[in-house]
Amino acid sequence: MATLFQVSGPIFCVVCNDELEGPHRSTCQMCGGPFHQPWSPDSDAPRCGRVASHDETLAVVFLCQDCYDNRRPP
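Residues -16 to 57 (the working numbering) are what the sequence shown spells out, left to right.
Some hints could be false.
Simulated restraints on C-beta separations [stated by the list, open to error]: (1) Asp1 <-> Pro24: 15 to 25 Å; (2) Leu41 <-> Ser(-9): 33 to 43 Å; (3) Val34 <-> Ile(-6): 18 to 28 Å; (4) Pro(-7) <-> Ser23: 20 to 30 Å; (5) Thr40 <-> Asp1: 26 to 36 Å.
These are calculated hints, taken from the structure and not from any lab test.
The C-beta atom is built at its ideal place from N, Cα and C for all residues, glycine as well.
Take these sequences, add in the hints, and give me the full structure.
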């Protein structure tokens, strides 16, 4: 039985559809989908999302590029 943190099989980016491997990934705070997010400047991982600030809550949020550009339905 798989739980939220134990997913069997590969996980794919919701933006580019490539497999997510290693630590360079995040989860979109709007759609909940996983996406590539390089955590170091010398990473070869694609940048499929954005780190943004939420003005009302004064928080940092992680958004996939589709949600950031309003291309994904709510």
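Hint-by-hint comparison with the structure:
{"no.": "1", "hint": "Asp1 <-> Pro24: 15 to 25 Å", "in the structure": "20 Å, holds"}
{"no.": "2", "hint": "Leu41 <-> Ser(-9): 33 to 43 Å", "in the structure": "38 Å, holds"}
{"no.": "3", "hint": "Val34 <-> Ile(-6): 18 to 28 Å", "in the structure": "20 Å, holds"}
{"no.": "4", "hint": "Pro(-7) <-> Ser23: 20 to 30 Å", "in the structure": "23 Å, holds"}
{"no.": "5", "hint": "Thr40 <-> Asp1: 26 to 36 Å", "in the structure": "31 Å, holds"}
Of the numbered hints given earlier, the model fails none.
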